[in-house]
Amino acid sequence: MHTLLRSSYVFFLVVFMAFGLPLSRLTHAAQQHENFVLYHSQGKMLRDSKWGKIPAWQTALNAALLACGKAGIGAADGMYGKGSQQGLMALLSCPAYRDLAIEVEDPLYGKVTSILWSRLLPDTALPSTHERAFALSLTHEATDYDRVEWNYQTADDLSALTWGPYGATVGWGNEVRSILIHLFQGHAEFVTATFGAEFASVEQLMTAEAKQGYALLKPIFADIERRAAWKHSLQLLGASEVGIQAYNWFAFDSGQWMSQNLQRLYALIPDADKQATEADYGFFLDLAMHAGVSSKRIAEAQQALEVKQTSLGRPLTSAERRREIANVWAEQVNARWRDDRVARNVVFYVDGIGEGQLSEQERQAWLKRTGLKASYFGLSDTRHYYPSF
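If you use the working numbering, the sequence shown corresponds to residues 24 to 412, in order.
The hints are simulated quantities; they were obtained by calculation from the structure and are not laboratory data. C-beta: ideal position from N, C-alpha, C; glycine also. Check before you lean on any hint, since a few could be wrong.
[What the hints assert, rightly or not] Calculated cross-link-like contacts (lysine to any residue; reagent style SDA-like; alpha-carbon spacing at most 20 Å): (1) K254 - K319; (2) K93 - K73; (3) K73 - W195; (4) K319 - K331; (5) K241 - S263; (6) K297 - R406; (7) K297 - S411.
[Said to hold, decoys possible] Label-pair ranges, simulated between beta-carbon atoms: (8) E221 - L115: 46 to 54 Å; (9) A238 - G97: 42 to 50 Å; (10) K331 - P145: 17 to 25 Å; (11) Q208 - W74: 16 to 24 Å; (12) K391 - T177: 18 to 26 Å; (13) A223 - E378: 52 to 60 Å; (14) V265 - T147: 37 to 45 Å; (15) A358 - H255: 33 to 41 Å; (16) T405 - Q235: 46 to 54 Å; (17) L259 - L115: 18 to 26 Å; (18) R361 - L181: 48 to 56 Å; (19) E221 - A124: 40 to 48 Å; (20) T215 - L335: 58 to 66 Å; (21) K297 - P242: 47 to 55 Å.
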């Protein structure tokens, strides 16, 4: 433990014992001062939303480097790679940060840690488990809140249009319609002004039955100018604070979209509210973003877990559990996307399984796709996490 960290821990221990405060509160205080990994590039590109925590880190890092008389890292683009990593290492030679420099042999060397974050951004909360898990999935997806794609006449024709990181569609789940309705209820003038001449078609989409979305937007797609106008307007909504809030509200707080899938997946962890970890959340979020979460798949995964546990004669570790679940999903997704799903699955259990235990198919798919690990985003099995549904 770093000398500064050890001193802080002892201080809080003495204070809590002196005042007779409960151990649970002591543990919470100790965790607040624990130095743990948030991000670690390891030569890989980490990609966050343009409105995420990595851009906030880059902005503060650039300013601190310039104030220290060193070269900055340039614009904050949410892409944490070689430039940001070099900036991090340069920062630790600045007088205000020199005490946080550690030896090369230290497990935290070269990583964005919680203590370093708090020093650089004292008024900005640490990236949450969700924010770090989201950035990991976004690194695979590359679909930020202002990303809009028309899908008519493609392999994904029935979705009609896809918007944002969680894949809101006009067809399929009709999430775009629901997001627009929620946003319009609180910010009618903003929605009206953003769509301009196309607001009449937005109003039609919001008031018609959800299943009508595919047919309603097809004439818009057929007109090149209207198609472009709709895409541009949705991009503007996605780049706005209220648009992002509405999008996230429907995804996680409405109980009608992502939260439903996550609840189904958490049923696969015994005593999940006590046993689930950060890495579990990252894995489940990625599955919910990328693939269907049907009751049939959940049942098959539960059966696979029971078979594996019986064969081992012991409870599965968190990483082993994720691997068994991952195998079920890899077998169930469309064959054209199977290697991609395998590659993304490995990201969430390779830290616990070890690269040497991967099959050749797993290893090749993983390395070809990204070679990322959940630990690069600070997602660990050593820290408990269970979302509030």
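| said: Hint compliance check: list the failing hint numbers for this structure, sorted ascending. | reply: Of the numbered hints, 1, 2, 3, 5, 10, 14, 17, 18, 19 do not hold.
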